[in-house]
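Each protein sequence line maps, in turn, to chains A and B.
The numbers in numbering that gives the first Met the number 0 rise by one with no breaks, and the one at position 78 of the first sequence is 77.
The numbers in numbering that gives the first Met the number 0 rise by one with no breaks, and the one at position 55 of the second sequence is 54.
In case anyone wonders, no lab produced these hints; they're calculated from the structure.
Heads up, the beta-carbon is just placed ideally off N, CA and C, and yes, glycines get one too.
Errors might be hidden in some of the hints.
Said to hold, decoys possible - Subject to a maximum C-alpha distance of 27 Å in a straight line, what follows is the list of computed BS3-like cross-link-like pairs (lysine-lysine):
no.	chain 1	residue 1	chain 2	residue 2
1	A	Lys123	B	Lys45
2	A	Lys123	B	Lys294
3	B	Lys45	B	Lys65
4	B	Lys101	B	Lys65
5	A	Lys123	A	Lys158
6	A	Lys179	B	Lys135
7	B	Lys101	A	Lys179
8	A	Lys20	A	Lys10
9	A	Lys179	A	Lys158
Claimed, not checked - Pair by pair, the computed Cβ-Cβ distance ranges are:
no.	chain 1	residue 1	chain 2	residue 2	range
10	B	Phe236	A	Glu184	23 to 29 Å
11	A	Met43	B	Arg90	35 to 41 Å
12	B	Ser269	A	Thr79	24 to 30 Å
13	A	Met43	B	Glu238	32 to 38 Å
To be verified - From the derived model, a few chain B residues whose C-beta atoms are all more than 10 Å from chain A:
no.	residue
14	Pro153
15	Pro227
16	Pro252
17	Ile262
18	Leu266
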Amino acid sequence: MRGRICRKIIKVQAINQRLRKIPSWVVYPLGLIPLAWLIARGMMGDLGVDPVRTVEHDMGLRGLQWLVGGLAITPLRWATGISLVRFRRAVGLVAFFYVTLHLATWLLLDIQLNWAQAWEDILKRPYITIGMGAMILLLPLALTSNNRSIRWLGGRWQKLHRLVYVAAVAGAVHFLLVGKVWVGEALIYLSLVSILLALRITHRVFGRP
Amino acid sequence: MFRNDLKWSDVTPKAQFLNRRQIMAAGAASLVAPRAFAAGYSTDEKPNMLEEITNYNNFYEFGLGKTDPAQNAGQLTIDPWAVQIDGLVDRPGSYDLADVMKMGPIEERIYRLRCVEAWSMVIPWNGFQLSHLLQKVGVQSSARYVSFETLQRPEEMPGQRQALLDWPYREGLRIDEAMHPLTLMATGLYGDPMPKQNGAPIRLVVPWKYGFKSIKSIVRISVTSNQPETTWKQTNFREYGFYANVNPQVSHPRWSQATERRIGGGLFNSRQDTVMFNGYGDQVASLYAGQDLSKDY
Numbered sequence: 000m001r002g003r004i005c006r007k008i009i010k011v012q013a014i015n016q017r018l019r020k021i022p023s024w025v026v027y028p029l030g031l032i033p034l035a036w037l038i039a040r041g042m043m044g045d046l047g048v049d050p051v052r053t054v055e056h057d058m059g060l061r062g063l064q065w066l067v068g069g070l071a072i073t074p075l076r077w078a079t080g081i082s083l084v085r086f087r088r089a090v091g092l093v094a095f096f097y098v099t100l101h102l103a104t105w106l107l108l109d110i111q112l113n114w115a116q117a118w119e120d121i122l123k124r125p126y127i128t129i130g131m132g133a134m135i136l137l138l139p140l141a142l143t144s145n146n147r148s149i150r151w152l153g154g155r156w157q158k159l160h161r162l163v164y165v166a167a168v169a170g171a172v173h174f175l176l177v178g179k180v181w182v183g184e185a186l187i188y189l190s191l192v193s194i195l196l197a198l199r200i201t202h203r204v205f206g207r208p
Numbered sequence: 000m001f002r003n004d005l006k007w008s009d010v011t012p013k014a015q016f017l018n019r020r021q022i023m024a025a026g027a028a029s030l031v032a033p034r035a036f037a038a039g040y041s042t043d044e045k046p047n048m049l050e051e052i053t054n055y056n057n058f059y060e061f062g063l064g065k066t067d068p069a070q071n072a073g074q075l076t077i078d079p080w081a082v083q084i085d086g087l088v089d090r091p092g093s094y095d096l097a098d099v100m101k102m103g104p105i106e107e108r109i110y111r112l113r114c115v116e117a118w119s120m121v122i123p124w125n126g127f128q129l130s131h132l133l134q135k136v137g138v139q140s141s142a143r144y145v146s147f148e149t150l151q152r153p154e155e156m157p158g159q160r161q162a163l164l165d166w167p168y169r170e171g172l173r174i175d176e177a178m179h180p181l182t183l184m185a186t187g188l189y190g191d192p193m194p195k196q197n198g199a200p201i202r203l204v205v206p207w208k209y210g211f212k213s214i215k216s217i218v219r220i221s222v223t224s225n226q227p228e229t230t231w232k233q234t235n236f237r238e239y240g241f242y243a244n245v246n247p248q249v250s251h252p253r254w255s256q257a258t259e260r261r262i263g264g265g266l267f268n269s270r271q272d273t274v275m276f277n278g279y280g281d282q283v284a285s286l287y288a289g290q291d292l293s294k295d296y
């Protein structure tokens with residue numbers, strides 16, 4: 000039993016050592032793959048009958064996927080000891096990049112800078128209100144994602160960046176409310192976010208200090 | 000490498016080449032009268048391509064995605080097909096599709112279609128007026144509404160295996176709306192039989208109402224005295240009313256209805272203003288005289 004745990008620790012250490020050799024910037028080119036794929040589809044004329052809708056939905060979905068990925072990093076370390084914390088900033092920024100493109104697609108291609116309608120949508124349509132809220136919550140996190148801000152904010156940085164929990168829930172709820180009926184895919188994302196947040200609570204209550 | 004730079008938009012729309020054939024077959028006096036008649040109801044806007052009309056469908060019986068119906072509707076059996084016509088009619092019964100199709104002259108009607116999701120298309124339907132069917136079966140004087148039901152066959156309609164909506168899909172019209180000459184029982188598009196993803200073999204088309212009123216793959220038509228339950232209203236009455244007339248002034252909780260995106264213009268297509276009654280106000284506005292359409296949404 001003890002030997003098995005030892006072997007496992009050694010294995011995890013080896014994985015972490017190897018991960019340490021990977022520069023954290025590799026996340027950025029990886030993060031661009033979904034966008035490159037979408038552009039390639041666009042050039043092949045494969046964005047479907049309503050390309051605006053395809054782009055808008057794809058960008059939003061990518062944003063949510065990378066947010067979920069970022070939230071999974073800490074629970075993964077608790078569960079397996081594998082640490083991807085070095086990559087977390089880049090993962091978060093890629094998420095923000097896609098959320099920004101999602102918003103830009105909506106503003107530019109969908110409602111086409113009709114500011115009156117945009118404003119009305121933000122105020123009156125719950126799924127847009129919530130989606131916009133998520134976007135606004137992510138903005139200070141992206142702006143303070145540099146080392147200088149971390150030093151400057153000190154302990155407050157960590158607190159500020161817990162806003163991502165709220166933003167992820169809001170993003171998943173936004174996805175769920177877009178649907179006219181309960182869409183399974185959106186329920187899956189909301190469940191994932193809920194599980195990842197619940198793990199934090201159980202870790203805090205029952206976990207090691 | 001051979002590169003084909005022809006796009007779907009370069010293909011002559013079927014309606015157009017059919018028109019040419021009709022012109023070539025000129026002299027057929029019989030053609031002139033119904034075409035002139037139909038022209039009053041058809042728009043001269045450019046119809047969407049068949050490719051677009053058949054790959055962008057809301058038909059939850061086959062899935063929630065816009066391309067799900069195109070992928071999943073192939074397995075639907077549409078022959079044999081019968082339509083149960085009952086309620087306040089003189090000649091109720093189960094009518095074979097072939098007999099239903101004979102209830103009125105089939106015409107081409109090029110209609111705008113406005114979806115509640117704020118997109119629109121132009122579709123060259125083929126079909127006959129619902130009024131002809133109702134006259135054939137004899138509507139009784141106490142009739143006030145007509146209700147419709149879509150086929151329920153979960154073995155062939157995968158969406159129905161989930162409780163997405165309360166199946167079968169139901170829709171309804173007031174009798175004067177049902178009798179209006181614009182209201183069509185559509186049996187085809189672009190001169191061919193109705194594609195399955197568009198509601199084969201027979202569906203309703205009510206061009207001045209949001210698309211969800213135009214119920215697909217109809218198996219039952221009932222004439223009633225009370226307003227029938229309709230699926231979307233039942234699902235979410237705050238968002239979907241019984242009337243569901245296209246109305247840019249009444250904003251939907253989910254979409255502003257002031258503007259729409261016409262499908263087919265590509266990534267940089269500009270939005271256009273939505274017109275009251277989807278542009279059919281001259282023909283239908285009088286049906287709603289005295290009604291507050293912000294309440295009867």
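Now for the hints, and whether the structure bears them out:
no.	hint	in the structure
1	A:Lys123 with B:Lys45	violated (34 Å)
2	A:Lys123 with B:Lys294	holds (18 Å)
3	B:Lys45 with B:Lys65	holds (22 Å)
4	B:Lys101 with B:Lys65	violated (32 Å)
5	A:Lys123 with A:Lys158	violated (31 Å)
6	A:Lys179 with B:Lys135	violated (37 Å)
7	B:Lys101 with A:Lys179	violated (37 Å)
8	A:Lys20 with A:Lys10	holds (16 Å)
9	A:Lys179 with A:Lys158	violated (36 Å)
10	B:Phe236 with A:Glu184: 23 to 29 Å	holds (26 Å)
11	A:Met43 with B:Arg90: 35 to 41 Å	violated (55 Å)
12	B:Ser269 with A:Thr79: 24 to 30 Å	violated (51 Å)
13	A:Met43 with B:Glu238: 32 to 38 Å	holds (37 Å)
14	Pro153	holds (16 Å)
15	Pro227	holds (21 Å)
16	Pro252	violated (7 Å)
17	Ile262	violated (6 Å)
18	Leu266	violated (5 Å)
Hint check: violations occur at hints 1, 4, 5, 6, 7, 9, 11, 12, 16, 17 and 18; the rest are consistent with the structure.
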